[in-house]
Amino acid sequence: MHELPQQLVNGLLLGSMYGLVAIGYTMVYGIVQLINFAHGEIFMLGGFGAITVYLYVLPDGTTLWVALPLMLVGGIIVAVLAAVGAERLAYRPLRTAPRLAPLITAIGLSLALQQAVWAWYPDAKESINFPQIDGGPFEIGNVTIQTGDIFLLVAAPISMAILAYFVMKTRTGRGMQATAQDPDTAKLMGINTDRIIVVAFALGAAFAAVGAVAYGLKYGQVQFRMGFILGLKAFTAAVLGGIGNIYGAMLGGVVLGLAEALSTAYIADIPGMEQFGSQSWANVWAFVLLILVLLLRPQGLLGERVADRA
Amino acid sequence: MRQRSLIAITAALAAGALTLTACGSRDEGGSSDTGSGTTVVIGVDAPLTGDLSAMGLGIKNSADLAAKTANKDKYVEGITFKIEALDDQAQPSSGQQNATTFVADKDVLGVVGPLNSSVAESMQKVFDDAGLVEVSPANTGPTLTQGADWQTKKVRTYKSYFRTATTDAVQGPYAAQYVYNDAKKKKVFVIDDKKTYGAGLAATFTDEFEKLGGEVVGTEHIDPETKDFSAVATKVKNSGADVVYYGGEYPQSGPLTKQLKAAGAKIPVVGGDGMKDDEYINLGGSASTGDLATSVGAPVEELTSAKDFVADYKAEGYKEPYSAYGGYSYDSTWAIIEAVKKIVEDNDGKLPDDARAQITAAMQNVSFDGVTGKVSFDEYGDTTNKQLTVYKVEGGEWKAVKSGTYTG
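For the record, the sequence lines run as chains A and B. So that you can map any letter, position 295 of the first sequence is 297 in my numbering, and since no number is skipped, the others follow by simple counting. So that you can map any letter, position 70 of the second sequence is 74 in my numbering, and since no number is skipped, the others follow by simple counting.
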């Protein structure tokens, strides 16, 4: 059991990344009841936005401490523009259409964005190296933390705090809550719901971009397919935590990450379960957990809305 | 109402599909006679996009080079060779579709590819039913040629399947001997990606390593779709292994070696030919230094027979490097060209009507000095060249450290 602290940290880090991406799913769903399957690609575009700033905007040899904030800004700009563009051009015309139409549009958009990056971004047919933070790993007790993970450890809680403040305290944030509860009444009360929806897409994209920069620093690369599986995992995290609830997204992400790490580490030690314990089974266990949670709490861990309008 | 419109849509789709099929069958008129002679198409199937495209594009370019060389030298009188490449994205389902496409095009008289053993499994039957010859430069799964029970009873499964790459039955054990005898590592942690290639390689390695007296301190199967191996890395670190054997390909093993070393498991990762690509070093960064990979054949750069290939490849100005299988792809393509030459010469300089069947038969007896050494096939369709080389990452590139043959 001496590797438990390390595995908990592994799971926490992976889960924080899922959580950052899951926020986008949950906010958009909370307000327009759309499962935005293109959100994984928004995440990917955030990563490519950041690497574009590093490779083509900044002069060679810029230290990462200067480059990183600018890359973050670049990633957020690209992701937000893509998300807002998608909302304006693909989703808004379908606002009143049956729910399946925007869903399928989202899947199509996801494929289109992936292939567009593959086809037109220079050298995107292979993985593109992401700059790395120098310095050896940090040892705390027998837990090793990589330099690349420190960004995630700092960025995830800060992002969460900013989001909570925004939704709870600002006028626009309260407008979002009102729109989520009842869009028609919110409109009657003078809330510009179109604007609120754009803000929801933009915020989700910004957090996805933060997650993408964390991904780049953690794994040292970005590639055009990086958003596909991660997007699915983040969507799962959002459902697990209770879709529509922003805290649920973060919690769901962390629970999912922990489930994957711990199942990889320990299932094989249970007698008779050797062949179900490898990392290739981690997804299976994560989904078993999801099903169990949904059986006991159909609304997810922190979900509240019982009468779903969907 | 809804049902009626569904029926309408289905009918429209069906009509559309039929029309398309009709279009497709129109140009299957047999080998097209252009002014100067006959054009023979050699199909190439490889992953041209996605994770493994570095290797796939190397295969395509090398096949293209072989066809161009044959055309330039007028190697087969009256025949012009043309390459037609399809992308299988390393997916068995795409591979099978491509195989069907090649079979339907009557100009295609041979196919080079695929890269992945799992893709080959889905293509073999389609080609064999059509009697279309397939020469893979890269498949190493033993079952492809010697049947499911290859360890006890070898039976050739498909008459139309050949390969210029050595099998895992030789490669895994060769790696085990090197790791145990030369690198003096006794405790291994075996990881694979559960695909035909990776799992097969890991199994043959494990058998030989245990036979030699080594200990397997842990096994793990990873999901090739993810990039997060932190939980696995922690397990390896705590297992006390002094070496990791990975059965799989570089898109996973590159990040894996990086995360292993970052987690504190500073032990070499050893893998097969699917790992021996420059992209591995690119992905693994400095963490890949000291890692080992076996690859089929002697190093292409060191063979005198390969000097021309390397020079010609450069001269053609292909954008992508020829990668791990370039030489084998050239030889695979050339084997098809040799077979075409044989049947054309036996038929008074013309392509016979049953060209596909005759090429498949002629392939069995093809023998020539290729880029990678002597190219000929045994009774299972495997290469008779059993040369293997161990490479090590040093100073940011793969350096050959030992060449030899596995002798059991």
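Hints were generated in silico from the structure; no laboratory data involved. Quantities reported herein were computed from a predicted structural model and do not represent experimental measurements. Possibly wrong hints are sitting among the right ones.
Just so you have them, the derived chain B footprint on chain A, three or more residues with Cβ under 8 angstroms [as the list claims (entries may be wrong)]:
#1 61-71
#2 124-135
Listed next, the stretches of chain B that the computed footprint assigns to chain A, with coverage defined by at least 3 CB atoms under 8 angstroms from CB atoms of chain A [stated by the list, open to error]:
#3 53-63
#4 160-170
#5 264-271
#6 286-299
For glycine and all other residues, C-beta sits at the position ideal for the given N, C-alpha and C.
Hint-by-hint comparison with the structure:
Evaluation of the coverage hint for the segment 61-71 of chain A: breached, as 0 residues show C-beta separations to chain B shorter than 8 angstroms, against a requirement of three. Coverage of the segment 124-135 of chain A by chain B holds [criterion: at least 3 residues with CB-CB distance below 8 angstroms; count 5]. Chain A is given as covering the segment 53-63 of chain B, and this holds because 5 residues of the stretch bring a CB closer than 8 angstroms to a CB of that chain, at least three being needed. Evaluation of the coverage hint for the segment 160-170 of chain B: breached, as 0 residues show C-beta separations to chain A shorter than 8 angstroms, against a requirement of three.
Using a Cβ-Cβ cut-off of 8 angstroms, 3 residues of the segment 264-271 of chain B lie near chain A, which meets the minimum of three, so the contact claim holds. Interface restraint, the segment 286-299 of chain B with chain A: holds (3 residues with C-beta to C-beta distance below 8 angstroms; minimum three).
The structure shown violates the earlier hints numbered 1 and 4.
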